[in-house]
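Novice: Please take these sequences and the hints and turn them into a complete structure.
Listed in order, the protein sequences are those of chains G and F.
Just so we're aligned: 25 in our numbering is position 25 of the first sequence, and the numbers increase by one with no gaps anywhere.
Just so we're aligned: 145 in our numbering is position 145 of the second sequence, and the numbers increase by one with no gaps anywhere.
Just so you know, the hints here were simulated from the structure itself, not pulled from any lab data.
There could be a bad hint or two in this list.
[Claimed, not checked] Simulated pairs of lysine-lysine, PhoX-like, Cα-Cα distance not exceeding 25 angstroms:
1. K35/G x K333/F
2. K196/F x K153/F
3. K228/F x K153/F
4. K62/G x K35/G
5. K228/F x K706/F
6. K381/F x K35/G
Owing to the predicted nature of the structure, the values given are computational and were not obtained by experimental measurement.
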Amino acid sequence: MSPDHLVSMANQIARFFAHRGETRAVAEIADHLQKFWDPRMRRAIGSHLAAGGAGLDPLARKAVETLIQDVRHSENT
Amino acid sequence: MALIEEIDYGTPAADAARSVTLSIDGFPVAVPEGTSIMRAAMEAGVQIPKLCATDMLDAFGSCRLCLVEIEGRNGTPASCTTPVAEGLVVHTQTSRLKQLRRGVMELYISDHPLDCLTCAANGDCELQDMAGAVGLREVRYGFAGENHLDAAKDESNPYFTFDAAKCIVCSRCVRACEEVQGTFALTIEGRGFASKVSPSAGEAFLDSECVSCGACVQACPTATLMEKSVIEIGQPEHSVVTTCAYCGVGCSFKAEMRGDEVVRMVPYKDGKANHGHSCVKGRFAWGYATHPDRVLTPMLRARITDPWRPVSWAEAIAHVASEFRRIQTEHGKDAIGGITSSRCTNEETYLVQKLVRAGFGNNNVDTCARVCHSPTGYGLKTTFGTSAGTQDFDSVDHADVILVIGANPTDGHPVFASRMKRRLREGARLIVIDPRRIDLVHTPHVAAEHHLPLRPGTNVAMLTALAHVIVTEGLVNEAFVAERCDAESFAEWRAFVADAGNSPEAMAPVTGVPAEAVRQAARLYATGGNAAIYYGLGVTEHSQGTTAVMAIANLAMATGNIGRPGVGVNPLRGQNNVQGSCDMGSFPHELPDYRHISDAAARAIYEQEWGVRLEAEPGLRIPNMIDAALDGSFRGLYIQGEDIVQSDPNTHHMVAGLSAMECVVVHDLFLNETANYAHVFLPGSSFLEKDGTFTNAERRIGRVRKVMAPRAGLADWEATQAIARAMGLAMNYAHPSEIMDEIARTTPSFAGVTYARLEELGSVQWPCNEAAPTGTPTMHIERFARGRGQFIITEYVPTEERTGPRFPLLLTTGRILSQYNVGAQTRRTANSTWHAEDRLEIHPHDAEERGVRDGDWVRLASRAGETSLRARITDRVAPGVVYTTFHHPDTQANVVTTEHSDWATNCPEYKVTAVQVSRSNGPSAWQEDYRRHAEASRRVANLAAE
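Specialist: So this is what it looks like as structure tokens:
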């Protein structure tokens, strides 16, 4: 999965939800990624974030962080 | 089996509520007020002789054969033009009438060639029938006088002939062209004895404005207009009602057969989507089914550079199962997937997604709706709660204002376009939002009141500007919104669209459309009465495709144009079963009926039915599959009835992805472009060769009925079932009806659908269940499927695809009337007479700047790739915009389109590509390379020589 392409897709999603304010937007972006992205795509964007997350829109970055936290949480419970 | 003979009542039905009772030949008859005496008689079982009348057309009263006598009235009025009245006493058969009719028939026959035994219409000729009906026994006038027997025959049209010598000038063809088709290509030229039917201004049919819909041929009561297939084969002996396999209108046809050979396809009057009309594709372009290019044997090869090796079905299926299991063993269960087809039946798409979910054990299933209407699914589900259009086609008859955005119905959905044009001729007002001046903008007796020629990629800006006018000028239907919609989302939306930044004035520099024109269009939509929106791929195939769909839904809700006939949001689906393939769970995140795969309760239904555990995570979409193939995590793909190399964007990327896979299985009628990169070819079956159902754009489920055995031995559903069984999945359907029974058991919207119900009703619109046993023509009548309608904020975000010095023009792509999608079917018919190659439409200004003349070869280049094709200079496109179709693999227009896609669904942004156009000497080096590759790839090993 090309990180650049995934970043571009995540940023598009972020731009759509941006008007909802940060809290709602981050939750909705994360929800969208969870519902529509195959796990390997989510893992790839997670890895990209872990490597610095270059190019990620701030809201998209936070949404991906949320996803990673959710995965860690589910793995620990 | 027998030939289905539809009753011709002579004149259209009246729909008045008041009933009138009269006496016809001594029998009391009660019919709606406004019914003709001819029709009333027919309904009572009395067939009055007629020639110029048919119930597809308004009464004309010219042939003078349908005369009757009415007690208390003078003369012998024509029964077709005389309406019933209370207490009339009508006589249809008196000595006076008999004498008059014989005299009329004698005159007709005196100028008609008496070659009945060798005439193509022998056995299906109304003139012949009427001569018999009136008891004509002699013609006293002879042929010595002036006559038309030597009139020239026009054989220019590839599908039908016009033999003027046999014409009785009843005007049925002329009226069919006007009233049914709405093209007005035919006229009666001359007067009196010199009167003759004339296409356009005395041109040959092929050179005229005729669109070959076949309405005139169907209307002709003689052999004057006759299908060439009937001339060649003879009259059919039985017929079967089935559903067309072309666009999303889903027309019903009678396949008229002689043995297992199709003689002709005749539109079925009882078809609820088409009411007896057709277009050039469904009516005539079915010859691909028996084209010599059909591959009828499964084939294998180890590498895509090898020649194909014909094998048995058993060997091919075993190979597919073995290879898919090997890949899963080596690379994980998620390394393979499947693509369902919107050209295949509901039952077949259901089986492919079942194979993937239950057999492959993942959710890597997608469908070609990914590249067309996936934004419709997301957008309408979010706003209304259901991923489908809100109306039936008949709804247009009640529309006062019709807004067409990003659709070209006269080319893409021609039979529905004829309905729409009829309503417009009746007085409905038209708004067209499209970068091109599509035919609907100005066509005979139809003119758009507003054509807003916006820049490609600015739909959301335009739609939000329209909403701004509605909100700020007090045009919101406050009562509807308060009663039916979510208050919080409406308040947010109202504040958003009211912002001055969304005004037509602020958006004019973006859209390129003057603000006042936008304001006028918005006022008309909001205040003109019943307002209906019809949209197509010009809305969805953008980076903001989903946003635009939601913006359309917002407009409809804000103005209360939802929940009754004449209004609504109507996606015009491209392929015949796009709606159905989506309904059947073809998307990687959804089970049938649009239930998310993470929904444990929904999964449980299928886990119990299929006896397997299902993955709760969404799978890969088509573009994601290709990306994953390039990174090595996706290596096997089963593609049923799709040609993703030609139809999907960024051909170079697509080809690279497919080339990286280890087992690509193409299941199709032909060795299509995707098969050039496949390892297994499974021969498909055409719609004539299998049973099943299609679901059209109005959610109408119609039967597809087998009229010939599968030419390759297996119907597509049988091949999928064989793969599933070879992979260890218990699939044991004996007939597609059993698949539908399973669909009904597990899918709430289809709960009431059975083949028996379809036989009974003809077709049915989902939801069809306990609450709506005969289906649902109009949705969201009292409440939205989701409860309250959800307004969504639709901020305009410019596409990342930008013009600049290197690529200063914007390319938008589309389709043409005579061709269909990638052209695999229509290119193998005479439809190529009208469109033998893709052409680039370019504005005269842009052409002149580049020294391009009409017909010149031009190089069309984007940052994704380049191709060459011939130019067509036209002001249908605005300066700065160019347009082409994607029907021909020689052009491969998608080598130019990019990877940009819709934010929500990854639907490609076909409609906006920055390009440059320059003169060229002919096909590009890439086209030549591709042609050589395609030829090499289609080699089939000569086993006999081995």
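Novice: The structure should be examined with respect to each hint, and the outcome stated for every one.
Specialist: Do the hints match the structure? See the list:
no., hint, verdict
1, K35/G x K333/F, "holds, 20 angstroms"
2, K196/F x K153/F, "holds, 13 angstroms"
3, K228/F x K153/F, "holds, 13 angstroms"
4, K62/G x K35/G, "holds, 17 angstroms"
5, K228/F x K706/F, "holds, 24 angstroms"
6, K381/F x K35/G, "holds, 14 angstroms"
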